[in-house]
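Student: I would like the entire structure built from these sequences, with the hints used as guidance.
So the sequences go chain by chain: A and B.
With the working numbering, letter number 241 in the first sequence gets 572, and the count goes up by one each step, no holes.
With the working numbering, letter number 258 in the second sequence gets 741, and the count goes up by one each step, no holes.
Since the hints were made in silico from the structure, they are not lab data.
Mixed in with the good hints there might be a few duds.
To be verified - Calculated lysine to aspartate or glutamate pairs in the DMTMM-like style (CA-CA distance at most 20 angstroms, straight line):
no., chain 1, residue 1, chain 2, residue 2
1, B, K801, B, E813
2, B, K823, B, E813
3, A, K559, A, D589
4, B, K768, B, E725
5, B, K716, A, D446
6, B, K589, A, D394
7, B, K844, B, D832
8, B, K589, A, E524
9, A, K559, A, D421
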Amino acid sequence: MRSAGRSWLLLTGFVVFYIIYLLFGGLVFSTIERPEEERLRHELDTLRQEFLNHSCASAADLDLFLARVLQAHRSGVSVLRNSSQPSNWDLTSSMFYANTLVTTVGYGHSTPLSDLGKAFSILYALLGVPFTMLVLTACVQKLLFPLVVGPVALLHGWGLEPRAACALHLLLLILLLLLCFFMGPAALFSWLEGSWSFLDGVYFCFISLCTIGLGDYVPALQPGQRNKPLYQVSVMVYLFLGLMMMFLLLRAVHKMADVHGLTTLLQLPRCQESSPDDEQRPIVENQGKNQSEPTDKIASPANTTHPSYNTILKG
Amino acid sequence: MAAPDLLDPKSAANNSKPRLSFSAKPVVLTPPEDDECDTRITVMRWKTVSAIFFLVVLYLIIGATVFKALEQPHESKQQMTILDQKIKFLSMHSCVNTSELENLVKQVVSAVRSGVNPSGNSVNQSSLWDLSSSFFFAGTVITTIGFGNISPHTEGGRIFCIIYALLGIPLFGFLLAGVGDQLGTIFGKGIAKVEKMIVKWKVSQTKIRVISTLIFILFGCLLFVALPAVIFKHIEGWSALESIYFVVITLTTIGFGDFVAGEKGGSESPSGGSAEIHFYLDYYKPVVWFWILVGLAYFAAVLSMIGDWFRVISKKTKEEVGEFRAHAAEWTANVSAEFKETRRRLSVDIYDKFQRAASIKRKLSSELGINATLNQEITPGKRTLSVNLGDERECYPNLTLPLTPVPGALTRNGSLYLNGLSPDYAVERREIPGMDSLK
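Tutor: Given below as structure tokens:
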């Protein structure tokens with residue numbers, strides 16, 4: 332029990348450090364990018380004033396103006412309202428940006444304008460991406476037992492044979508995921524964002540959770556959005572949980588492919604069972620082999636027995 | 484066989500063994516049978532990999548044609564609209580007021596969202612949804628990079644994008660695993676050769692691993708980061724930082740889209756040098772896509788290596804903390820054992836002295852008068868003491884107690900307990916005051 336407690340402590344430590352990392356990134360981006368954004372907005376305002384002063388605008392002037400507008404829009408600055416528009420680089424927005432950087436979603440609705448911001452983004456991403464993957468896989472390891480192995484064992488206990496239990500469980504998991512992480516949030520988003528339809532919400536959820544992140548739809552960007560920081564933070568939480576669920580689904584699919592013999596058929600690497608933190612109790616209690624189990628698995632990658640998952644299924 | 488695990492960041496994190504060198508197999512001259520086995524497996528894998536590669540290319544071509552069919556009409560409609568707006572504005576340019584300007588800008592912004600640049604004329608603008616660009620877009624979707632400079636705007640395009648990604652991303656994952664495996668084999672063979680050379684110099688195993696990792700990182704950086712950055716700087720006209728920024732953002736699949744290779748060609752007006760650029764562009768985009776494929780495999784390896792280092796560091800800290808805790812526990816156990824020993828010896832010593840003092844006192848009081856002793860409570864423990872008064876002269880030289888008092892010893896000489904009761908019994912019964920504080 333002590334080792335299980337310790338691994339939970341380690342996991343919470345990971346998650347806390349992840350949150351701190353995001354906050355840190357948000358602060359740094361905010362301090363680097365905000366002045367640049369102010370400067371760009373000011374420049375655009377003066378440009379607009381000059382244009383309005385002309386009573387007679389020529390085509391060349393118009394094209395120049397439009398080119399500048401486009402460039403500014405690409406950097407996330409719109410010229411439509413006056414300067415009371417909320418910044419794209421305040422703390423929560425910068426954190427949101429750091430989150431998109433580190434989960435590799437990368438919407439692109441706001442991108443670093445200064446050279447220093449770009450250089451920092453490179454370093455931040457190189458360290459943050461593997462760390463995020465580590466945190467997510469660690470969380471998935473923890474969730475694997477209650478959400479995948481446990482229910483399958485339950486189903487098997489009710490009398491279904493292993494492959495059917497596996498397939499049924501996968502189906503249920505997919506349905507649950509669809510409902511809680513696609514349909515539900517899509518309805519919520521289409522209600523919160525005035526101009527999004529339900530399909531737009533589903534599209535956004537899918538594009539975000541697959542980490543594609545095209546950036547044509549980004550929440551919390553409407554001018555005059557109420558509770559913008561809270562909204563952005565909740566979108567970040569949704570992204571994290573959703574990504575975790577997608578990883579879990581991926582693991583479950585991989586395991587099912589293992590069980591059904593697809594991975595051996597396609598000669599792909601099998602799903603490894605060893606946990607990154609060796610503290611976790613194995614599913615099947617072989618007490619004496621706790622420490623040697625992961626190293627054994629690596630020493631013999633062609634090992635076809637995975638005691639935790641398969642032995643439960645095979646009874 | 485360790486290479487695919489390396490290259491899938493998700494499954495690589497499950498391996499607890501730190502991989503400091505790319506080849507997880509030890510550098511030993513393998514017997515010829517193993518080599519044959521390896522080559523046979525590698526050959527079969529190569530066939531699988533190339534089959535998957537062709538499948539992916541076919542999938543991309545299909546996706547490209549569908550996207551083109553869905554998106555191009557919409558795009559040309561948008562283009563017409565924005566041009567009309569522009570002509571109208573120019574005809575009214577004698578009097579420009581704010582509302583018209585705002586309107587125009589709104590139109591511009593929504594046109595930009597569709598990917599159209601209104602500041603050229605429609606003659607030489609190549610579409611954003613021609614075949615090669617659609618191919619590129621499909622590639623960005625299934626690699627999950629997702630630049631976003633082009634994105635589907637019709638409902639049909641979006642639904643198709645979802646289904647396309649659902650099937651394409653796992654497919655690309657398999658391809659990536661296969662390519663990574665091949666890459667790993669090539670690199671592993673090269674590094675094994677280098678390691679064999681270094682082994683002759685009698686360097687330690689860890690140093691060999693570190694050197695091979697460094698070689699892997701340097702070589703890979705040169706081939707997949709530095710060289711493409713130089714090429715992008717030259718062709719796209721970006722600065723050095725922007726090129727490296729683009730390379731890193733693309734290869735980690737973040738894909739913001741503020742810089743996209745091959746984007747400028749769509750909106751450039753024909754001038755002197757652009758004929759060359761148009762010639763490049765036919766081959767440029769597929770080459771870029773191929774670079775993305777191999778570079779992604781390399782970056783996945785690098786990122787999983789960094790993840791391994793994190794895990795090794797956390798494991799090491801855990802080990803060190805565990806060692807420290809074990810040492811501390813040992814130290815505490817030693818100290819407390821010593822303390823108990825000292826305390827016991829001390830208590831026996833004090834009891835000894837107290838007993839001597841008591842016997843001297845009794846002797847004095849018996850010499851002075853018997854009344855003093857009669858008032859005292861005679862308990863069995865004290866009786867042992869008083870009984871021993873007679874033996875005190877013989878007892879004194881024998882007052883060195885054995886360190887572990889043996890209960891029930893009945894010897895008369897050299898011991899204090901005549902009736903089978905040990906002094907400890909007296910102590911335990913709390914009959915002798917002052918001993919309590921030592922308990």
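Student: Compare the structure with each hint and give your call.
Tutor: Evaluated hints:
About 18 angstroms separates the Cα atoms of K801(B) and E813(B), which keeps this hinted pair within 20 angstroms; it holds. Note on K823(B) and E813(B): the hinted pairing holds, with a Cα-Cα distance of about 15 angstroms set against a maximum of 20 angstroms. The straight-line distance between the Cα atoms of K559(A) and D589(A) is roughly 45 angstroms, outside the 20 angstroms bound, and the hint therefore fails. For the hint pairing K768(B) with E725(B), the CA-to-CA distance comes to about 19 angstroms; that is within 20 angstroms, so the pair holds.
Between K716(B) and D446(A) the alpha-carbon distance is near 15 angstroms, which keeps this suggested pair within the 20 angstroms criterion. Distance restraint check for K589(B) and D394(A): the Cα-Cα separation of roughly 15 angstroms lies within the 20 angstroms cut-off, and the hinted pair is therefore satisfied. Simply put, K844(B) and D832(B) have alpha-carbon atoms about 18 angstroms apart, close enough for the 20 angstroms limit, and the pair holds. Between K589(B) and E524(A), the direct Cα distance comes to roughly 19 angstroms. Compliance with the 20 angstroms bound is thereby established for this hinted pair.
Distance restraint check for K559(A) and D421(A): the Cα-Cα separation of roughly 11 angstroms lies within the 20 angstroms cut-off, and the hinted pair is therefore satisfied.
Checked against the numbered hints given earlier, this structure breaks only hint 3.
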